[in-house]
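Asker: Sequence:
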Amino acid sequence: MMLALYYLYFFLIAIPLLLTLTVVSCIIIIIGTAVGNGSWWGYYPAMVWARVFCLLSLVRVTVRGREHIDKRTSYVFVANHQGAYDIFSVYGYLGHNFKWMMKKSLRKILLVGYTCAKCGHIFVDRSSPTAIRRTISTAEERLRDGMSLVVFPEGARTFTGKMGPFKKGAYQLALEFNLPLVPVTIDGSFAVLPRTRLLPRPGHIELTIHPQIAAPTDEAARGEVIELTRKAIESALPDSREPVA
1 MMLALYYLYF FLIAIPLLLT LTVVSCIIII IGTAVGNGSW WGYYPAMVWA
51 RVFCLLSLVR VTVRGREHID KRTSYVFVAN HQGAYDIFSV YGYLGHNFKW
101 MMKKSLRKIL LVGYTCAKCG HIFVDRSSPT AIRRTISTAE ERLRDGMSLV
151 VFPEGARTFT GKMGPFKKGA YQLALEFNLP LVPVTIDGSF AVLPRTRLLP
201 RPGHIELTIH PQIAAPTDEA ARGEVIELTR KAIESALPDS REPVA
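Here the working numbering is used: the first residue of the sequence shown is 1, the next is one more, and so on.
Just so you know, not all the hints are guaranteed correct.
SDA-like, lysine to any residue: derived pairs with alpha carbons at most 20 angstroms apart [as the list claims (entries may be wrong)]:
1. Lys162 with Arg195
2. Lys118 with Thr160
3. Lys104 with Ser74
4. Lys231 with Thr160
5. Lys118 with Met102
6. Lys167 with Ile226
7. Lys108 with Gly95
8. Lys231 with Gly161
9. Lys168 with Ser74
10. Lys168 with Pro202
11. Lys108 with Tyr93
12. Lys108 with Ser127
13. Lys168 with Glu206
14. Lys104 with Lys71
15. Lys167 with Asp125
16. Lys168 with Gly95
17. Lys118 with Arg107
18. Lys167 with Ile213
19. Lys167 with Pro180
20. Lys167 with Leu228
21. Lys168 with Thr217
22. Lys118 with Val24
23. Lys168 with Ile136
24. Lys103 with Gly120
25. Lys231 with Glu154
26. Lys118 with Ala34
27. Lys71 with Gly95
28. Lys108 with Ala131
29. Lys231 with Gln172
30. Lys168 with Ala139
31. Lys167 with Gln212
32. Lys108 with Thr138
33. Lys108 with Gly155
34. Lys103 with Ala84
35. Lys104 with Glu140
36. Lys167 with Pro129
37. Lys118 with Tyr43
Derived from the structure by calculation, the hints contain no laboratory data.
This one's a predicted model, so the numbers in the text were calculated from it and none came from an experiment.
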């Protein structure tokens, strides 16, 4: 009964408000980045959008470990990827200006893709060695004055709630630019909206920001650093994760 009432609210009230909020936020960001400080306009309006998105969805987000990061330092944040609300919880509550590394295909999403480009997010193009070098060059340009990156090293949302293998891309960037890595555990978004469902449910998402880990010194050390960040992320997850229907 409660879930039926939630979906009635979500369709009749939340969805119209969220669509309006998204369009208005995109317009504000596009105008703001064109006339003002791109770093500010590319982050703070989207942060507010993400927080309101969670509030209207009746999703509560709490954060532990903000004392482990400095707003003036650039990091590569690596987080597990449980569900769609990972985006809103990290964007809204991490508390550190950053750019996403995202699939190039997302650039094609009407209005949202263009807004992401104006925000300065990095679209990963693996179509050729030249394209990969261009992506790395773009990342180097953006990682200035305390700007950071957020990457989901699994590459995609989990189907089961358990973490998948970590890809090496984020760690290669940390190696290239000598940036510390900060593991971030996302717990609860799988229950809110896993990739096997179309509609969210009310819930509680907890972000745990772990102490930073030094960048790998060379490619031989990369595997060890991947394992260290993975263990840190796992340490804040329940011992078992049962799939949510």
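Asker: Next, verify each hint and record whether it holds.
Answerer: These are the hints, each one checked on the structure:
no., hint, verdict
1, Lys162 with Arg195, "13 angstroms, holds"
2, Lys118 with Thr160, "34 angstroms, violated"
3, Lys104 with Ser74, "23 angstroms, violated"
4, Lys231 with Thr160, "18 angstroms, holds"
5, Lys118 with Met102, "14 angstroms, holds"
6, Lys167 with Ile226, "9 angstroms, holds"
7, Lys108 with Gly95, "28 angstroms, violated"
8, Lys231 with Gly161, "16 angstroms, holds"
9, Lys168 with Ser74, "19 angstroms, holds"
10, Lys168 with Pro202, "34 angstroms, violated"
11, Lys108 with Tyr93, "26 angstroms, violated"
12, Lys108 with Ser127, "16 angstroms, holds"
13, Lys168 with Glu206, "25 angstroms, violated"
14, Lys104 with Lys71, "28 angstroms, violated"
15, Lys167 with Asp125, "15 angstroms, holds"
16, Lys168 with Gly95, "25 angstroms, violated"
17, Lys118 with Arg107, "11 angstroms, holds"
18, Lys167 with Ile213, "17 angstroms, holds"
19, Lys167 with Pro180, "17 angstroms, holds"
20, Lys167 with Leu228, "14 angstroms, holds"
21, Lys168 with Thr217, "14 angstroms, holds"
22, Lys118 with Val24, "15 angstroms, holds"
23, Lys168 with Ile136, "14 angstroms, holds"
24, Lys103 with Gly120, "14 angstroms, holds"
25, Lys231 with Glu154, "14 angstroms, holds"
26, Lys118 with Ala34, "8 angstroms, holds"
27, Lys71 with Gly95, "8 angstroms, holds"
28, Lys108 with Ala131, "17 angstroms, holds"
29, Lys231 with Gln172, "19 angstroms, holds"
30, Lys168 with Ala139, "16 angstroms, holds"
31, Lys167 with Gln212, "19 angstroms, holds"
32, Lys108 with Thr138, "19 angstroms, holds"
33, Lys108 with Gly155, "18 angstroms, holds"
34, Lys103 with Ala84, "15 angstroms, holds"
35, Lys104 with Glu140, "18 angstroms, holds"
36, Lys167 with Pro129, "18 angstroms, holds"
37, Lys118 with Tyr43, "11 angstroms, holds"
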